[in-house]
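Q: Read off the chains here:
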Amino acid sequence: MSPAIVLLLIPLLPLLTACALTIAPLRRIVLFSAPLAAVPGLVTALLPEAGAPVVIPWLVIGTHLGVDDTGRIFLLLTALLWLAAGLYAVGYTKNSPQQVRFWIFFLLCMSGNLGLTLALDMISFYVFFTLMNFAAYGLIIHDATPFALRAGRIYLWLVIIGEVLLFAALLLAAWITESMLLSDVAGGLANADAMPLILGLLLVALGIKMGVIPLHFWLPLAHPAAPLPASAVLSGAMIKAGLLGLLRLFPLGTATLPGWSATLIGLGLLMAFFGILMGLLQNQPKTLLAYSSISQIGFPLIAVGLGLAAPQQWHLLAPVVGFYALHHGLSKGALFLGVGMAGQLNTPTLMRYVTFGGLLLPALTLAGAPLTSGALAKTGLKSFLAQSPILDESLLAILLGLAAVGTTLLMGRLLILLWQQAGSSTQAITKSMWSGLSLLFAAVILVGIYPEMLTSSAPGISVKWFDALWPVAGGALLALLGRYSLRNCVTNLRVGDVDVLLEALLRRLGEIAAATKLPPLPQLPRAARWQNLPLLLLLRDTEQQLRQLSVAGVIFILLLLALLLL
Amino acid sequence: MTELIVQQQWFLWMTLLPLGAAVAAFLAPRQAHWIGLVTALLLPLCALAAIAAATLSETQTITAGNWPTPLGIALRSDGLALVMLAVTALVGFIISCYALGYFPVRGHHQSRARYFWPLWLFLWGGCNALFISGDLFNLYVTLELVTLASVALIALEGGKAALAAALRYLFISLLGSLAYLLGVGILYGTYATVDIILLGDMLAATRLNHAAMSLMIAGLVLKSALFPLHFWLPQAHTMAPAPVSAVLSALVVKCAYVILLRLWFEVFPALDTIAIGHLLGLLGSIAIIWGSLMALRQERLKLLIAYSTVAQIGYLFLVFPLAHTETMASAWIGGVLLMMAHACGKAAMFMVAGTIHHTAGSDRISRLAGAGGPIGVLVVVFTLAAGTIIGLPPSGGFFAKWLFINAALVSGQWWYLPIILSGTLLAAAYIARVLGWAFLDVKRSSYPVIPWMMKWPPLVLSIIALLFGLIAYEPVQLALSGAPVSSPVLVEFGP
Amino acid sequence: MSDLILPAILLSSLLPGLIIFTLPEESVRLRTTLNLGGAVVKLLLVALLFFHVAKREYTELRLPLLPDMELVLRADALSLLFLILSAFLWFLTTIYAIGYLEDSPNRSRFFGFFSLCVSATTGIALAGDMVTFVIFYEALTISTYPLVIHRGTPAALHAGRIYLAYTLGGGVVLFIATVWLRAIAGPLDFSPDGVVASLDPALHGSLTIIFALLILSLGVKAALVPLHIWLPSAMIAPAPVSALLHAVAVVKAGAFGIIRVIHDIFGIGFSAELNLLFPLALMAAFTIIYGSIRALSQNDLKRRLAFSTVSQVSYILLGVAMATPLATIGGLVHLVHQGVMKITLFFCAGNLAETLGIHKIDEMDGVGRRMPWTMAAFTVAALGMIGLPPLAGFISKWYLGLGGLAAGQPWVIIVLIGSTLLNASYFLPVLHRIWFVPSRQDWPSSTLRDGRETTWALLIPPLITAMLVVMLGVLAHSVGSALYWVELIATREYGP
Amino acid sequence: MELALIFDLILLITLIALAWLLLASSDIFRAVVLFIAFGLLLALAWVRLGAPDVALAEAAIGAGITGALLLVGLGRLGSAEHYRGTRTRLTFLQRLSAPVLIGVMIPSISLILLLELSLHASATPGQQGLVNVLLDVSGTNHGVTAVLMNFRAWDTLLEKGVLLLALISIWSLDQARPLFRQNDISPQLTGLARLLLPIMIIVAGFVLWQGDHAPGGAFQSGAILSAGILLAILVGYTLPTRRQGLSLRLLLAVGFSVFLLVAAATLLSSDYLLKYPDSLAGSLILLLELVATASIAALLAAAVVGGHPPDDLSKPVDRSSAVNGGQT
Amino acid sequence: MSPALLYTGSGIILFSIGLHALLVHRHLLRKILAANIMGSGVFMVFIAMGVHGDSGVADPVPQAMVLTGIVVSLCFTAVAIVLAVRLNKLTGCTTLAVDEESSID
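Those protein sequences? They're chains A, B, C, D and E, same order as listed.
Taken in order, the first sequence gives residues 0 to 565; the numbers are from numbering that gives the first Met the number 0.
Taken in order, the second sequence gives residues 0 to 494; the numbers are from numbering that gives the first Met the number 0.
Taken in order, the third sequence gives residues 0 to 495; the numbers are from numbering that gives the first Met the number 0.
Taken in order, the fourth sequence gives residues 0 to 327; the numbers are from numbering that gives the first Met the number 0.
Taken in order, the fifth sequence gives residues 0 to 104; the numbers are from numbering that gives the first Met the number 0.
Hint data in this document are derived by calculation from the structure and do not stem from the laboratory.
Bear in mind the structure is a predicted one, so any value in this text is a computation, not a measurement.
It is possible that some hints are incorrect.
[Claimed, not checked] Stretch by stretch, here's where chain A covers chain B in the computed footprint (C-beta under 8 Å, at least three residues):
id, region
1, 166–178
2, 210–218
3, 223–233
4, 271–279
5, 286–300
We put the CB at the ideal spot given by N, CA and C, even for glycine.
So that you can see chain A by itself, here it is in the shape it has in the complex:
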């Protein structure tokens, strides 16, 4: 097998599986084995020598695929998460009436997400990005509840806007750099006049995916609306697609852009705290998790911002960002699946306690407790804070610590909510669901303990215990102290935020569109039909007179006279 075919197989296998689903006789077998479509990706990510770049010139307008260092870590995350979510989904959708439809979208989305990590040129990046985004719509509205439909609508709008802006950005980038390769963009953009425009477009387009404020509002709508396995990948893997885009397209390591750096750091901080605050106000575990995602994505954004300020250090910072993505993705995926699981454990059995115990692990990881990958990631990030063009290093460190406190609090509230709502679902738990959850738990532990095994690019950072511990401990303490208020805090805060405003705007736009329907032309009354036009009637009468020989004679003679005289 040539490397090209191997690489193509990663996104193609889910696609082919989806196609196979449309063939009725194959459906049973395919449904069962569908999660395995992510396996080639996982294998490629784990084999260090696999995934050398290939060029496939005939595909679309020249396709470059390959697994580089950044790509490998994202591929690992993506494949792992989709595999786990897929396994979970096998059980989750077992008796669903729309099972096939779900799986088709699930697989399409998987294909897009996996392919995205492999893309080394703009077009294929855009192709897979689009595939993923649109397929996700099918997942979000899968349950067809009004809430899901609304979430889907808003999601779709933002996706389309993101698509066209990305399209514009890529177009400009391709025009300026005269290359389709993503690796050329960063260098090519450095000195271009249009760079601010392109970066702005990219930030908006990718920011939508990442939930950058103020484009975040679809996240708390869409993530809860989707079925659980879908939420897991949405929050764990797909949200990282935007991050990957930033890493691929921003002139990281080539240009010093203090302004952009400041913007990104500021945004990152804002997201980190905003997510926590909003999350604390939720009473739905999935919504809470979605806000947590917004909060968590703030950190890599800060890292990117730091990278823009210090290009010379980017080669050190990049693995940290990747590792952060991996860590968050796995933990968030595990939490989402666990949320589903917890909801189904309706009796306080041993299983329930084990599960909650297990859930504590990703929760702590997210909070950045020592010994977890979270601590590794955050420590890695903190070592670069000195590069920030705004705010002092120490202040930033404190802010990060405060964020960790908040995260811990948030996790606390999550667990409390889960405990309260346990048993709300009646769906049976199958083995495959357990296997999916276990896979993620295992991965979370493994990444924390032995990052080098999973990814060659894991940062070799030694965690300072105190730095990692105080926020978690503080947070846990706070949670314990305030568990009453955490249990009963305001829950009716409007879920989305910007979307309310936006929907009103859209409705108005719709009215305008409807108004463009011009009124139909008035129909002529029957009497005014063309046959009865005065002119034609006159013609008819005149014609009848012309037919009189005497009249005709006059005309003849008149003509003769005219001819004679002319």
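Since the structure of chain A is already known, use the hints to place chains B, C, D and E on it.
A: Using the frame of chain A, we list chains B, C, D and E on its own:
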């Protein structure tokens, strides 16, 4: 073989043959249709031979009895004559085939069939004699031959309306040809010859000549039904039996026009005719609009087609104002081309109308509703033929209009453009009206049986009409040989 | 031999058409054989021609029409692009139409005119000079009219009148402009450098007017706003006609004509020199946006598609008017891509109408369950229309965007973005209805033996074209794809 | 000279007055009679103009046969101006047309023409010189006959065609009906006819023969003969039914047919239409004149009778009323 | 004023009178008469213009033409009369019906 072709004066045979056949058909009425068909088969062959002979030999003019021209009658096989002979042969052949189906040999229309053939053959011979004639008085005789045969053919339908139309046509023709003859008389009195070529050489721009020309033009304008003297045409063409309508619209109207062309370009070029040209152009323009508008509001198919002829005649008269020095050939060829194209198209249309009248009992356009089956074929024929009337490419009408517009542009007479264009659009409108009815979704229980001969020959003709532009090169080249015009056909703006 | 290919291609649809006219209604088998036989023969001939042209063996046929005027048939790369499109889509549409019109009246008439229509389109593709182009262009106008009014309802007749009024009005203007141009510039053979560039500068005023007349008249068929009125009303025609009308024949003929005028009569450089292209680009841009906005408010599926066509066809013009190699590539490739996508959409709309009697968008709820394959094809095509990668529509937009940048007119990107957003907002709700909204009514279940959603003849063509939509995008850079071919054309036009 | 001019003036004024009178007269019968008189006077004018051939033809054809035709027609039509249904109100244009015609336009046209003609000083010699030169080879000794039968024989051939065509047209329109009621025939008339008929035949023959060197010829002779035939019909002669078929048609067509045959033969032999071989010219012309006379006589008579003979092809009609004439 | 011119002028006048009558009168026979008078006028112009000078030798060519013309107009007269009779038999009219259009179908 070549010798044989060159040696015979085929274009003369083309007049003798139908005349002889007419006598034979008169003598043997039971065999009339066979005689007619054989003649119709032979004449296109003769036409081909005549064209071949003409291209091979130099001489284009001979005189009857080989008497020198002031005395003898010049008979010409120049381009115009040959082209008209050929078109007449083609259209005549198709019409003959059609008539075979239209006038059944047995049945109660027997007596009509019996007289149709000799009359039609006389008409054919008369047309051919007219086209080759190079002598003004001989033109008068041939024109009268054609007219008389037409009158009888119109009256053949036998109804009172047909008789009235025939009678009206007769009077109009008399008026026209007497005016023409008066002009000929004055010319003969002045120059002692009626030979076209001699006259063309001798004629000076005197007032008397102008008067003679006016009389002749007025007479011929009346006979070729230019607005506002078109009043007789719709009735005459509508009341006649279908093959006759076809003949009248396709050929007979053209006879007077051919004489006009010969007069304008060959006899009177010395005269100052610009003002008259503009007058004719003006009338032609009105005819285009008027005829089209009238066609638009007709309820009967045949009347619609007849008014369409009125409009098309209007186009023919645009030749006269458009034929300036540099655009002479453009306009002239345009006129000739339009004559040919219109002959084919209009004949096919009238045959369709006749078939519908024949089978449905009426040619009201509304009777076409839900046309399908065999009627559908008729609609197709109609549509194809209408292409040339509208001036759609690749019909001859298209190229004729091309040449007219070209001439109008180059000679700076912009005002003819909107006329030609609106004529085109109006034509499309009235044709579309017919098609609209034909396409109307009405369920029919049964369709009439249409004789073979009434279905396919018109189809052939309509296809020829539509594709005429593609084969127009040879006819145009032929027409240009010995033509009174020699400037380039497609003119460009001078430097 | 190669001289005969060109007329043979024309005759391969003309002759069957003429024979079909004469067939009685009952002889289904013979008619079908003729139809498909003609289509297959044409495809084969076109393929043969393709190899000739690919080897840069251009064939030409000249037939004298008048002294100094010739009918010129010539196969160059551009004509082949259009030719392949029309031959292939005709083949599919024929199959589709056979299925669609099963047991309906007046089929001989329909297929006769259908074949004439395609012959005319073929002629437009092969026209080697302006005169020939005009000839076939007008022939197309008139041969399409009977198809538009085929249903014979008063509404259809009304639409036919509108169609005829617009297109013939455009036709006569085209006619005049051509005659005028011929009188100024002499023979009008299409040539890569144009034929008027070398004329006396004193004539530039006239040339500008002629250019405007040509663009306006051709713009009627290309549905440039405000000359587009006929197009949405012509959707009353049977689905195969709409399909061909919107995808290949009429609309494309106009666009193709504009391409010919700009590239091969005036020449890109000269057009740009006279500042003729910018207004055209503006008109095209306006049409793109306007058509999309109008499409938003249509509830009739075919009407919405029609307005979509109004919008999409102007992409082609926009690309051509940018006058840069990349934009030209974008415009030309959209000629093909839009054709394939739009024909798929119309096929699917026809399937809905024919099988379930659905005409309105609000009747389409959940129809994806009843007709999954048809709707899958619809979805692919609609997404392609929006311009989602890697479907065909994306390729066009990508090159258009690049071309706009190359031309120094970045506003094009805004137009593209706006149009994409609008496209999405009138297509995505439809897709949503199809797949995610539960059906409100019970459709008659399939009467076919194996429970297929509809007959093969109706199903296969949209599936093939939908596949093509994907392939044209995914395999855009492969040898023989539309993009590949268009790049060859652009190289010829602009030099390597 | 003076006297001649005065005579001419009187003649012309009479002619014009007659024309005006006959056209304006309220009684159509009177108009027809006046028309016959007009024709005879016109013949006189032709003589004055040095055209005795035309004079003869005018008298025989213009006045004679046309007169007969008109009278027969009048008998069948009636003289009143009948309208079907109500008379439509005249439109403004119509009411205006007559006075405009009379008062303004026709006079002005006449005036213009007269003016142009009077200004035109004719100096062109006619073709009489040429005709006289070529008379020797024409096969006849009379100029007009030479022109008719040789120099412009093509015209004459076509004109014979017109004549035959007219008859076919008439036959296609109507079936023959009796000229007058059978019982109107008086014995006196029968006697007169018996006396006149042979004379007419002789006169006709003479006129025909004379045409070779003096005014006269086929037309004139044929017209006289046809008058004879009509006379015979008037007194009740009928053509036997068995002669009403092919033989009658042959008789009617023979003149034109022979002319055509001669034309074809000359075209075949000499490549020129109607170029008679020098040696045969005289006899050929004689032959043509003979058959033409026969045909013309029959044609003119049949035209006056006005309709085709009853035959098995058409609807059966009352046999006894079917009268047709033609004997030589 | 030469006799030839006199006759020519008279011919024109006869032509005009005939023309007028042809157009103004309604009775078909009158129209036929009028046409004949017109014809006579034309023939007179023909012959009179052929008389050149005072030689008195008439040109035979116009004479022959006029002879032909007379026969042709006779033919028209004959056909016209039969047509008129036939029309009269069908409609009872001796004029051309004005309102033909209403009779059409």
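Q: Work down the list of hints and note, for each, if the structure agrees.
A: For each hint, the structure was consulted:
Under a criterion of three residues with beta carbons nearer than 8 Å to beta carbons of chain A, the stated coverage of the region 166–178 of chain B is upheld, 5 such residues being counted. For a cut-off of 8 Å, the count of residues in the region 210–218 of chain B with a CB near a CB of chain A stands at 6, and the three-residue condition holds. Given as covered by chain A, the region 223–233 of chain B passes the check, having 5 residues with a CB less than 8 Å from a CB of that chain where 3 are the minimum. Given as covered by chain A, the region 271–279 of chain B passes the check, having 3 residues with a CB less than 8 Å from a CB of that chain where 3 are the minimum.
Proximity of the region 286–300 of chain B to chain A, defined as three or more residues with a beta carbon under 8 Å from a beta carbon of that chain, is established by the 5 residues found.
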